[in-house]
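2 protein chains.
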Amino acid sequence: MSDTPREIDALIELMAKLPGLGPRSARRAVLHLIKKRALLLNPLADAMHAVGVSARECLNCGNIGTTEICGICSSEKRATGEICVVEDVADLWAMERSQVFRGRYHVLGGTLSALDAIGPDDLGIPRLVDRVKTEGVTEVILALNATIDGQTTAHYIAEQLEQRVRVTSLAQGVPVGGELDYLDDGTISAALKARKSL
Amino acid sequence: MSDTPREIDALIELMAKLPGLGPRSARRAVLHLIKKRALLLNPLADAMHAVGVSARECLNCGNIGTTEICGICSSEKRATGEICVVEDVADLWAMERSQVFRGRYHVLGGTLSALDAIGPDDLGIPRLVDRVKTEGVTEVILALNATIDGQTTAHYIAEQLEQRVRVTSLAQGVPVGGELDYLDDGTISAALKARKSL
Numbered sequence: 012m013s014d015t016p017r018e019i020d021a022l023i024e025l026m027a028k029l030p031g032l033g034p035r036s037a038r039r040a041v042l043h044l045i046k047k048r049a050l051l052l053n054p055l056a057d058a059m060h061a062v063g064v065s066a067r068e069c070l071n072c073g074n075i076g077t078t079e080i081c082g083i084c085s086s087e088k089r090a091t092g093e094i095c096v097v098e099d100v101a102d103l104w105a106m107e108r109s110q111v112f113r114g115r116y117h118v119l120g121g122t123l124s125a126l127d128a129i130g131p132d133d134l135g136i137p138r139l140v141d142r143v144k145t146e147g148v149t150e151v152i153l154a155l156n157a158t159i160d161g162q163t164t165a166h167y168i169a170e171q172l173e174q175r176v177r178v179t180s181l182a183q184g185v186p187v188g189g190e191l192d193y194l195d196d197g198t199i200s201a202a203l204k205a206r207k208s209l
Numbered sequence: 012m013s014d015t016p017r018e019i020d021a022l023i024e025l026m027a028k029l030p031g032l033g034p035r036s037a038r039r040a041v042l043h044l045i046k047k048r049a050l051l052l053n054p055l056a057d058a059m060h061a062v063g064v065s066a067r068e069c070l071n072c073g074n075i076g077t078t079e080i081c082g083i084c085s086s087e088k089r090a091t092g093e094i095c096v097v098e099d100v101a102d103l104w105a106m107e108r109s110q111v112f113r114g115r116y117h118v119l120g121g122t123l124s125a126l127d128a129i130g131p132d133d134l135g136i137p138r139l140v141d142r143v144k145t146e147g148v149t150e151v152i153l154a155l156n157a158t159i160d161g162q163t164t165a166h167y168i169a170e171q172l173e174q175r176v177r178v179t180s181l182a183q184g185v186p187v188g189g190e191l192d193y194l195d196d197g198t199i200s201a202a203l204k205a206r207k208s209l
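Taken in order, these protein sequences are the chains called F and Z. Counting in the working numbering, the first sequence runs from 12 upward without gaps. Counting in the working numbering, the second sequence runs from 12 upward without gaps.
Derived from the structure by calculation, the hints contain no laboratory data. Heads up, some of the hints might be wrong.
Same chains, same label: a pair holds when it works inside one copy or across any pair of copies.
[What the hints assert, rightly or not] List time: in silico EDC-like cross-link candidates among lysine to aspartate or glutamate, alpha-carbon distance up to 20 angstroms: (1) K46 <-> E24; (2) K88 <-> D14; (3) K207 <-> D196; (4) K46 <-> D20; (5) K46 <-> D99; (6) K47 <-> D133; (7) K88 <-> E150; (8) K47 <-> D99; (9) K46 <-> E68; (10) K47 <-> D57; (11) K46 <-> D133; (12) K46 <-> D57; (13) K46 <-> E79; (14) K46 <-> D102; (15) K47 <-> D102; (16) K28 <-> D14; (17) K207 <-> E190; (18) K47 <-> E68; (19) K46 <-> E18.
Using the sequences provided together with the hints, build the complete structure.
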């Protein structure tokens with residue numbers, strides 16, 4: 012589009028790189044932003060700038076925060092005896108939304124992968140072992156995704172820690188509100204194996 | 012999420028207001044932005060700031076540009092004899108991508124609507140009539156959406172102009188590459204009525 016101003020073209024091109032947006036939805040979003048300049052475009056530019064300046068990884072757990080040690084690691088209200096291991100900050104946020112876990116986290120930032128040459132050091136697993144030793148941890152809860160890579164990583168971590176501490180993982184089974192007819196065979200089979208007496 | 016820093020919460024909340032993004036995809040997008048700070052987050056903040064400062068409506072046609080008169084209206088390469096009337100800047104961009112039309116535009120910014128109290132003045136229709144008088148226009152092409160509101164608006168504009176100038180509208184018919192089996196009845200019926208001899 013040779014006659015579109017280059018500032019607008021540049022913004023569309025960058026917006027199209029966001030996950031979930033393609034070229035068409037990026038154009039729509041940019042027009043929407045221009046129409047709502049005072050309410051959305053300018054505040055969004057400022058908010059991005061603020062996050063760009065302040066966001067950093069927690070030195071202790073790998074969570075994203077604005078301080079050297081994140082709000083969860085430094086909160087006195089969080090139990091120090093439990094560490095929940097997650098793959099990604101998005102998973103940490105999902106756990107937090109459920110408001111059930113009141114311990115601390117360890118964010119791996121991925122899973123072990125021979126193909127991508129990602130080893131235990133890349134995921135901070137030695138640091139996790141250190142934390143278990145020094146923070147008085149009594150239980151490590153593995154909340155990794157139920158994928159092959161996630162489960163491989165979970166087994167590796169369990170092997171490293173099982174001599175020192177209780178290692179658990181999230182239960183597998185029927186999701187709350189789930190209908191059997193819509194579940195995959197693997198989930199039904201896992202739920203049946205893990206059946207409980209009422 | 013009480014333990015997420017407020018800068019990040021604020022950014023997620025604003026991102027979720029973009030068309031095509033909801034709360035979940037806004038969270039994903041923000042994590043992606045933080046991970047790609049140098050490549051995406053900072054450039055995007057700058058690009059938004061640049062557009063926020065420079066974007067403005069063309070005084071002549073209503074297109075979005077960075078100058079008082081947009082690049083299309085001020086280009087000497089564009090034919091002055093033809094004006095293409097579109098509802099929205101997104102439609103203007105769609106026309107430009109097809110690279111067939113080499114005249115100028117008139118962006119209405121919506122359609123006539125008794126329900127929303129949008130009248131001819133709100134859409135700049137008197138200005139369009141003025142332009143037809145003063146710019147030596149020989150043809151006005153109505154490229155409005157094939158919706159009820161779009162067609163009502165097209166008929167109104169045609170009535171205002173048909174004494175002064177040739178008024179045409181985009182042809183309706185089978186889309187290029189379209190399969191009859193997947194077309195709605197209205198399109199097939201329009202294509203049949205407008206059939207051409209080979």
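So, going through the hints one by one against the coordinates:
1. In this assembly of identical chains, the alpha carbons of K46 and E24 lie at most 20 angstroms apart whether taken from the same copy (18 angstroms) or from different copies (18 angstroms).
2. Taking the shortest alpha-carbon separations for K88 and D14, only the inter-copy value of 11 angstroms comes in at or below 20 angstroms, while the best intra-copy value is 57 angstroms.
3. When the C-alpha separation of K207 and D196 is checked against a cutoff of 20 angstroms, the pair qualifies only within one copy, where the shortest distance is 19 angstroms, while the shortest distance between copies is 56 angstroms.
4. When the C-alpha separation of K46 and D20 is checked against a cutoff of 20 angstroms, the pair qualifies only within one copy, where the shortest distance is 16 angstroms, while the shortest distance between copies is 23 angstroms.
5. In this homomeric assembly, K46 and D99 come within 20 angstroms of each other (Cα to Cα) only across copies, at 11 angstroms, whereas the closest approach inside a single copy is 35 angstroms.
6. For the identical chains of this complex, K47 and D133 are inter-copy neighbours only, at 18 angstroms across copies versus 43 angstroms inside a copy, given an alpha-carbon limit of 20 angstroms.
7. In this homomeric assembly, K88 and E150 come within 20 angstroms of each other (Cα to Cα) only inside a single copy, at 17 angstroms, whereas the closest approach across copies is 72 angstroms.
8. For a Cα distance limit of 20 angstroms, the shortest separation of K47 from D99 across copies, 15 angstroms, qualifies, whereas the shortest one inside one copy, 33 angstroms, does not.
9. In this assembly of identical chains, the alpha carbons of K46 and E68 lie at most 20 angstroms apart only when taken from different copies (10 angstroms versus 35 angstroms within one copy).
10. Taking the shortest Cα distances, K47 and D57 sit within 20 angstroms of each other both inside one copy (15 angstroms) and across copies (17 angstroms).
11. For a Cα distance limit of 20 angstroms, the shortest separation of K46 from D133 across copies, 16 angstroms, qualifies, whereas the shortest one inside one copy, 44 angstroms, does not.
12. Taking the shortest Cα distances, K46 and D57 sit within 20 angstroms of each other both inside one copy (17 angstroms) and across copies (18 angstroms).
13. In the homo-oligomer, the alpha carbons of K46 and E79 lie at most 20 angstroms apart only across protomers (17 angstroms), although the nearest pairing inside one protomer, at 38 angstroms, exceeds that limit.
14. For a Cα distance limit of 20 angstroms, the shortest separation of K46 from D102 across copies, 15 angstroms, qualifies, whereas the shortest one inside one copy, 34 angstroms, does not.
15. Taking identical chains as interchangeable, the C-alpha atoms of K47 and D102 lie at most 20 angstroms apart only when they sit on different chains, with a minimum of 18 angstroms there against 32 angstroms within one chain.
16. With identical chains, the CA atoms of K28 and D14 are never at most 20 angstroms apart, being 22 angstroms at best within one copy and 28 angstroms at best between copies.
17. For a Cα distance limit of 20 angstroms, the shortest separation of K207 from E190 inside one copy, 18 angstroms, qualifies, whereas the shortest one across copies, 54 angstroms, does not.
18. Proximity of K47 and E68 under a CA criterion of 20 angstroms is satisfied inter-copy only: 13 angstroms between copies versus 33 angstroms inside one chain copy.
19. Within a single copy, K46 and E18 get their C-alpha atoms as close as 15 angstroms, which meets the 20 angstroms cut-off; across copies the closest is 24 angstroms, which misses it.
Of the hints listed earlier, the one the structure fails to meet is number 16.
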